[in-house]
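Enquirer: Protein chains in written order, with our numbering: chain B, 103 to 345; chain L, 10 to 154.
No false leads were slipped in.
Each pair of labels, with its calculated beta carbon distance range:
{"no.": "1", "chain 1": "L", "residue 1": "P11", "chain 2": "B", "residue 2": "D297", "range": "40 to 48 Å"}
{"no.": "2", "chain 1": "B", "residue 1": "R115", "chain 2": "L", "residue 2": "E135", "range": "28 to 36 Å"}
{"no.": "3", "chain 1": "L", "residue 1": "P33", "chain 2": "B", "residue 2": "T302", "range": "29 to 37 Å"}
{"no.": "4", "chain 1": "L", "residue 1": "D119", "chain 2": "B", "residue 2": "D216", "range": "29 to 37 Å"}
Quick list of in silico lysine-lysine cross-link-like pairs, DSSO-like style, CA-CA up to 27 Å:
{"no.": "5", "chain 1": "B", "residue 1": "K110", "chain 2": "L", "residue 2": "K78"}
{"no.": "6", "chain 1": "B", "residue 1": "K211", "chain 2": "L", "residue 2": "K117"}
{"no.": "7", "chain 1": "B", "residue 1": "K121", "chain 2": "B", "residue 2": "K148"}
{"no.": "8", "chain 1": "L", "residue 1": "K117", "chain 2": "B", "residue 2": "K110"}
{"no.": "9", "chain 1": "L", "residue 1": "K117", "chain 2": "B", "residue 2": "K121"}
{"no.": "10", "chain 1": "B", "residue 1": "K121", "chain 2": "B", "residue 2": "K237"}
{"no.": "11", "chain 1": "B", "residue 1": "K306", "chain 2": "B", "residue 2": "K202"}
{"no.": "12", "chain 1": "L", "residue 1": "K76", "chain 2": "L", "residue 2": "K12"}
{"no.": "13", "chain 1": "L", "residue 1": "K117", "chain 2": "B", "residue 2": "K202"}
{"no.": "14", "chain 1": "L", "residue 1": "K76", "chain 2": "L", "residue 2": "K55"}
{"no.": "15", "chain 1": "L", "residue 1": "K133", "chain 2": "L", "residue 2": "K55"}
{"no.": "16", "chain 1": "L", "residue 1": "K134", "chain 2": "L", "residue 2": "K117"}
{"no.": "17", "chain 1": "L", "residue 1": "K13", "chain 2": "L", "residue 2": "K55"}
{"no.": "18", "chain 1": "B", "residue 1": "K121", "chain 2": "B", "residue 2": "K211"}
{"no.": "19", "chain 1": "B", "residue 1": "K202", "chain 2": "B", "residue 2": "K121"}
Derived from the structure by calculation, the hints contain no laboratory data.
From the three backbone atoms N, C-alpha and C, an ideal C-beta is built for every residue, glycine too.
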Amino acid sequence: MPDGADYKELSRRYGFAPKPESASRLTLLVSRQDSDLEEITKVIDKDPALRKRLLRVANPDAENEAEYAIETVEEALMRNGMGCVLVLAMSTPLAQALTKSFLTMLSLKLENIDRNEAEPLEGEHLLGTIGFSGKVEGRVYLRMNLNSARAIAAGILGMSPGELTDTNEIRDAAGELLNIMTGNFKSNLCDAGLDCRLQTPEVKLSSDFRTPSVPGGGLEHLAFRAGNIQLSVDVTANPWIEN
Amino acid sequence: MPKKILSVDDSRTIRLIVGRALRPYDCVLCEASNGEEGLAVAAREKPDLILLDVTMPVMDGVTMLTKLKEDAELKAIPVIMLTAESGRDNVINIARLGVRDYLVKPFKEDQLLEKIGRSVPLQKKEAAPAAASAPGPVAAAAPTA
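Here chain L stands alone, though its shape is the one from the complex (with noise of 0.2 Å):
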């Protein structure tokens, strides 16, 4: 079953960068551009991980962290932050809403993969035939396997 992983960041270039990451491993990528669409395609979806930014425009993600963790039935899905907030207070606040584990951009593909492997076990796809080449991540908040 492939692991399903909901990426919540304003920016394009960012849930791209996460895609191209994701590629090689048997999952599925789940986009939102805000914490509200974030919190909708959380409950739609019951991701196995969420990697949330910080600053967002109509919601931002310490509000959607924090609803997540008041949401009886999203508050176990393990959050990754994805963020260039690295600032104290902002980090003590977040870790104490409850947090897997803390990512400031600029990051290396690399350090992402490890990060999200130590929260769900990311399995590299089979080798498929040329012609059912492997997906890239899926666009806009609708998953597909």
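One chain only, chain B, in its complex shape (with noise of 0.2 Å):
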């Protein structure tokens, strides 16, 4: 049986939602060893969220768009290779799968805000850390405050954060919010053939805001909002790894 068609079926029948076509679309081309720089440039330059995106990538130092050293998307591609652009197509799915699970489970619009616009994580802290490897090998990392870990799992569990004592129940919370957001982007990466497997979870307190990247591979930033809950995501990626 054709598997496309197989799946198209089960997708309609199963009534999935559909998959950010300009982020399987970008899998697809990093997935393909020999990939024509020109073409993925073509589909970087047409989404203006995700040359944006790109460029941010590409200037981790800069404080805002005047101080980018690197302008264009070719330029970025060739300074920074294929990671770079893995990493804003695992990014897309995985931003949605979260602001998703915020609308669903909490029912709350979650923004995806401008890293510089947050504000600054400090001391003791929750981070949720989940690896992957095979064809892509990476790693995300998921940053709140107490306050905020608190109100999203008394959100989803649908208490008010003075009912919730139990620290395991809001460790466990934050855990799945990291699994969904993973699931959604693993998915994306095996369906363009770059197949990987996740680790599990770890989620603990911590007072460590590195996020060592990995060598060769990309490294977005990304920060969200929605009300007094305010979360980080970092995701680090490096293509072409053959386990």
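Put the complex together from the two separate chains, hints included.
Expert: Here it is as structure tokens:
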């Protein structure tokens, strides 16, 4: 049976939501080791949000656009390589899954904000991490302060934050959020032929703000806000790892 | 006779959400936190429906589903996958093993109830006296009526 047709039929039967098209297309292009730089440039140039994010990723130390040393998509791709494009392709379904999780599980509209607009996290916070390995290798870091973590867990469980005293429930809810985000981008990667396995998520209290980058790979910092809740997500990834 | 539903998920959060969604209905919720436990509870309780996650420690959902379908006594139990993974190969493989339905996380409670209701008839509990108010979902693996 043709798998593509099977999947279309199954998606219809199960009522799956359509996947983000530009992310799928970009992942497919990245997955081809002979992919054409011009073709990738065209896809990114057509999507202003992707273009903006690529330039942000390519200029990690810049405070704002005026400080960008790398100003074009082509230059960003030449200097930063495919790892950079891969994190963009991964972050799109990840951000959509996170936004959808907030809307469906907490009835909250989560906004993707610029990292510089986010209030900096200080001291002890909740850190959730999940690694993935296979044809793509990397890690996702989800960070939030303890009040945000409590509000999220309480919202998901239908309680008020004051009622929630069990820290294990707070950690479990953060772990599930991480699972949902990464499960969604893993599907996107696997569909493009970049098979990978997710490791078991770890959620703990931490005061460590480091996000180790993968050698030769890309790193994207994302920030989100919904009322008093603030989250930061770091994604590191490197394609072409064969295990 | 209340319907027996088994939720197999390593996330207590998801099991709590399932329990909350089913609370108004006349059914018994059994729980397991991985595929191995899930098979043991399924063999013991013979649930009317299984809600099954994919990525779990010890034994994942695909392995549990494979073993379930190999077991003459359990293979007829309908299974709804409840997972964040909707990759093409995974979905096709799981569909070929035989599942009743597939719900991608995150989900709304009414979507879950609609899918459950297509597999097992859900009936609202009759109004009970306040002192005997409805119990929540059954913790751990052992169900109670």
